[in-house]
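So the protein lines, in turn, are chains Y and F. Here the first sequence is numbered in UniProt numbering, starting from 1 and rising by one per residue. Here the second sequence is numbered in UniProt numbering, starting from 1 and rising by one per residue.
Errors might be hidden in some of the hints.
[Said to hold, decoys possible] Think about it this way: if two alpha-carbon atoms lie no more than 20 Å apart in a straight line, the pair counts; the simulated EDC-like pairs of lysine to aspartate or glutamate are:
no., chain 1, residue 1, chain 2, residue 2
1, F, Lys205, Y, Asp453
2, Y, Lys476, F, Asp206
3, Y, Lys477, F, Asp141
4, F, Lys205, Y, Glu490
[Claimed, not checked] Covered, in the sense of this in silico footprint (three residues per stretch, anywhere, with C-beta under 8 Å from a C-beta of chain Y), are these stretches of chain F:
no., stretch
5, 71 to 80
6, 96 to 102
7, 160 to 168
Hints were generated in silico from the structure; no laboratory data involved. Where is the CB? At the ideal position from N, CA and C, for every residue including glycine.
In case you want the letters, here they are:
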Amino acid sequence: MEPRRPSRAVIDPKVRQVGFITPNAPPQQPVRTQSYPPESNSPPLSESPASNSLSPVMIPPPRHLSDNLTAYRTPAVPVPESSRRRAEPAAVACSYDPSESLFGTSSPAPSPLASSRLVVDGEFSEESWFKKSDSAKFASSFPGGGFDLTTVKNVGVAAAVAAKKPAAVSGNEKSKASGAESKNELPSGSGSKTSKVKMTKSERRSLQESQRAAKAGGNKSAGASSSRAAKQPQQKKDAAPAPPSVAASEKKGTDRPPEKERKKDVPAPRMQFDDKSRVEKAKKRAVVNQTEVRNRVELFRHLPQYEHGTQLPDLESKFFRNDPMHRAVYKVGLQYLAGDITGGNARCIAMLQAFSEAIRDYTTPAEKTLTRDLTAKIGSYVSFLIECRPLSISMGNAIRFLKNRIAKLPLTLSESEAKTSLCLDIDRFINEKIILADRVIVRHASTKIRDGDVLLTYGSSCVVEMLLSHALELGKKFHVVIVDSRPKLEGQSLLRRLVANGLNCTYTHLNAVSYIMHEVTRVFLGASSILSNGTVYSRVGTAAVAMVANAFSVPVLICCEAYKFHERVQLDSICFNELGDPQAVAKVSGRGDVNYLGSLGNKDNLQLLNLMYDATPSEYISMIVTDYGMIPPTSVPVIVREYCRDQLWI
Amino acid sequence: MMELEIELKKASDSLKSWDTTSISLTAGCDLFMRYVTRTSALEYEDFNSAKSRLIERAEKFGEISYKARRIIAMLSQDFIFDGCTILVHGFSRVVLEVLKTAAQNKKLFRVLCTEGRPDRTGLRLSNELAKLDVPVKLLIDSAVAYSMDEIDMVFVGADGVVESGGIINMMGTYQIALVAHSMNKPVYVAAESYKFARLYPLDQKDMAPALRPIDFGVPIPSKVEVETSARDYTPPQYLTLLFTDLGVLTPSVVSDELIQLYL
Numbered sequence: 001m002e003p004r005r006p007s008r009a010v011i012d013p014k015v016r017q018v019g020f021i022t023p024n025a026p027p028q029q030p031v032r033t034q035s036y037p038p039e040s041n042s043p044p045l046s047e048s049p050a051s052n053s054l055s056p057v058m059i060p061p062p063r064h065l066s067d068n069l070t071a072y073r074t075p076a077v078p079v080p081e082s083s084r085r086r087a088e089p090a091a092v093a094c095s096y097d098p099s100e101s102l103f104g105t106s107s108p109a110p111s112p113l114a115s116s117r118l119v120v121d122g123e124f125s126e127e128s129w130f131k132k133s134d135s136a137k138f139a140s141s142f143p144g145g146g147f148d149l150t151t152v153k154n155v156g157v158a159a160a161v162a163a164k165k166p167a168a169v170s171g172n173e174k175s176k177a178s179g180a181e182s183k184n185e186l187p188s189g190s191g192s193k194t195s196k197v198k199m200t201k202s203e204r205r206s207l208q209e210s211q212r213a214a215k216a217g218g219n220k221s222a223g224a225s226s227s228r229a230a231k232q233p234q235q236k237k238d239a240a241p242a243p244p245s246v247a248a249s250e251k252k253g254t255d256r257p258p259e260k261e262r263k264k265d266v267p268a269p270r271m272q273f274d275d276k277s278r279v280e281k282a283k284k285r286a287v288v289n290q291t292e293v294r295n296r297v298e299l300f301r302h303l304p305q306y307e308h309g310t311q312l313p314d315l316e317s318k319f320f321r322n323d324p325m326h327r328a329v330y331k332v333g334l335q336y337l338a339g340d341i342t343g344g345n346a347r348c349i350a351m352l353q354a355f356s357e358a359i360r361d362y363t364t365p366a367e368k369t370l371t372r373d374l375t376a377k378i379g380s381y382v383s384f385l386i387e388c389r390p391l392s393i394s395m396g397n398a399i400r401f402l403k404n405r406i407a408k409l410p411l412t413l414s415e416s417e418a419k420t421s422l423c424l425d426i427d428r429f430i431n432e433k434i435i436l437a438d439r440v441i442v443r444h445a446s447t448k449i450r451d452g453d454v455l456l457t458y459g460s461s462c463v464v465e466m467l468l469s470h471a472l473e474l475g476k477k478f479h480v481v482i483v484d485s486r487p488k489l490e491g492q493s494l495l496r497r498l499v500a501n502g503l504n505c506t507y508t509h510l511n512a513v514s515y516i517m518h519e520v521t522r523v524f525l526g527a528s529s530i531l532s533n534g535t536v537y538s539r540v541g542t543a544a545v546a547m548v549a550n551a552f553s554v555p556v557l558i559c560c561e562a563y564k565f566h567e568r569v570q571l572d573s574i575c576f577n578e579l580g581d582p583q584a585v586a587k588v589s590g591r592g593d594v595n596y597l598g599s600l601g602n603k604d605n606l607q608l609l610n611l612m613y614d615a616t617p618s619e620y621i622s623m624i625v626t627d628y629g630m631i632p633p634t635s636v637p638v639i640v641r642e643y644c645r646d647q648l649w650i
Numbered sequence: 001m002m003e004l005e006i007e008l009k010k011a012s013d014s015l016k017s018w019d020t021t022s023i024s025l026t027a028g029c030d031l032f033m034r035y036v037t038r039t040s041a042l043e044y045e046d047f048n049s050a051k052s053r054l055i056e057r058a059e060k061f062g063e064i065s066y067k068a069r070r071i072i073a074m075l076s077q078d079f080i081f082d083g084c085t086i087l088v089h090g091f092s093r094v095v096l097e098v099l100k101t102a103a104q105n106k107k108l109f110r111v112l113c114t115e116g117r118p119d120r121t122g123l124r125l126s127n128e129l130a131k132l133d134v135p136v137k138l139l140i141d142s143a144v145a146y147s148m149d150e151i152d153m154v155f156v157g158a159d160g161v162v163e164s165g166g167i168i169n170m171m172g173t174y175q176i177a178l179v180a181h182s183m184n185k186p187v188y189v190a191a192e193s194y195k196f197a198r199l200y201p202l203d204q205k206d207m208a209p210a211l212r213p214i215d216f217g218v219p220i221p222s223k224v225e226v227e228t229s230a231r232d233y234t235p236p237q238y239l240t241l242l243f244t245d246l247g248v249l250t251p252s253v254v255s256d257e258l259i260q261l262y263l
């Protein structure tokens, strides 16, 4: 994976320099710890925590922590320090009282993590570059995954922090002293990365975590708290450590995650703790994310990852706490959460129908305009849905359409007329863009199926299923190979339905795809979205199937409705993706005896990664079948330009 | 108005039925229909003015197609440099026009012609070129790879340009394009824009078959099968540029044009 990442000065996977090093006003400690070896051209790697002045973007290399720590002692600039403190896992944690204690307790454990986290700061820098906007005040506390949220709440006193620091630091190579020093700075919540100390991965991680936690908790204290809070939201992508921050970041998540996913955390120092509802939400999130932090794969820290299975009670409790969500939206959200509704089209239709119902029941409050209030309401619904499960691109486009329609409502309409018109628009959208589009796609694509063909499909796409059934109805003779993969095993349901229809099917797993490919004549795949450079964003595993097909010169046809096209461009599967439940990778449903990873579940050097999507480059795609006809992958931006940009969405 | 459209459609269909295998005919008819009917003339109240508008557009279409060859010849002049060696396959009047214009502009180049069995296109083309005093050399079809070293570029026409940006042309074009591509020689296609068709073949067999008998000169035993297909499909990745009256295009633009025209 490393080579795929943009060229960054990366020392090792853990240390990810994001490259936005902006030595903040050198004022404070001009001298930097060697936290940023790659970038440390500027600040001599002196131990002085002055590096705080550096933007939070800097990722302190987990090296010589102890050295740095001592250097960090400068109690100056709270801001920089706090961020610096990040390096010292414990230190950060220590900065805050309650959190400290929390960290303190957890420090032994987390500290190794934190230390490893330290390097992870690099990743942080990804998020942390947001911090830049927020000033270097952000303590580099990492969303203290694993740290009790409550600690976050506590505005630790610097002293307290200081006290903690040593404790936290103990886990790391960092010297306690540094911890102490960092304490001073911690409260400042500086965002700079400090430690240049190289720690083991686990140490770094624990350091990071403690820092995050400290940040989360420490936010309360002085500026640090705010910076932390702010920082945490920024680290939205950085899941885990600070549940509150995560929650906050969640909240920050706009209803356009795909577009703003990175910006989500940018928001100004979220006074997440000032905003009660956010706090509550954060709390909810916090509980959920706690245990995920440890085992997050560093490369994917920018993506949110939640603990599965624990969200339901939180959601329920939350439901009544805040503005009551419309029951239909709530229901849909729960269905997403539970995984009852999967697939781009199904999710989109369910969401739109829920919105339609909500709009029908909607009444404009007094002295508010329908358009604005309704848009805000839809926005809140969308935020809720995001919490349940990140939006798919099709849903994002549908939401854009809906908001567009709301905005275009003529002001002269009465409320009931407006509502009817909106519901009609939604119904028309579903009908034209999804249902009829599917029919057109099936009609076009079935011309490409000849008698005697062996068709291969992967996973379960509703359009491909419709296509195969339709081709069967047309009387064509062909054979279907269904390739499936764990952990979702979506192909099994498709297999069941196709066999019930009377199709000849072969079922196999992804590891056998190159074995079976030489017999295949056509590959039909579905897509969650197609991006402007022709990249197909689809269920993880699709890229592998397409590449193998290409190697065997088998044409690959993607069946995708045009409303799923997006003007984004994605070059790899890392920068934007969705992380599923990592435990699903370790467990086999129905086989309780297969539990080889049982005891290793919480090891630091084992991370489970369950990606949901991947990106297939356009050179492996022969043709895309859309409701506008059959187009080559290079013509996706043409469709986007001609048909998706105009506001009419017709 | 609707009646007129129906009449036009009927006429177009009967034209197409005359030669079902000709892609350019089909594509041309379709494009003509689109071009002519895709106009606000149909909303005119006065039938006569609408009719004259349609006729106007139709004549314009004819003019464009007629002038297309000249435009293409003009555009391709920049690509033919002094001392170059051009490989030509099949007998395309557009390519002939290109070479004619180049000769008239006093460019020094030589042409290698493939024999083009069984249609003997190479012989016809070399006749024409000899009249222009262009140095011509005839190759048998199998000698293309052998001569590819000394070739600077390949020029072909097209029966049809498909949505993916590939072309359907006389049998042998795919072969030549493959060899040229593997040896890094550019393959230029000269085609008028009315040949853009809404087809999308995935492989060689995915097209309507166009068969023509091959005369080997000696009787073939009845048990022996003969591949009589007259044309093949060259995928877009082997083509460098298309010279059309719309300009010099890359293969991916073909779909763009088709979308703009048809959708």
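Item checked: Broken hints, by number -> Going through the list in order, the structure violates hints 3, 4, 5, 6 and respects the others.
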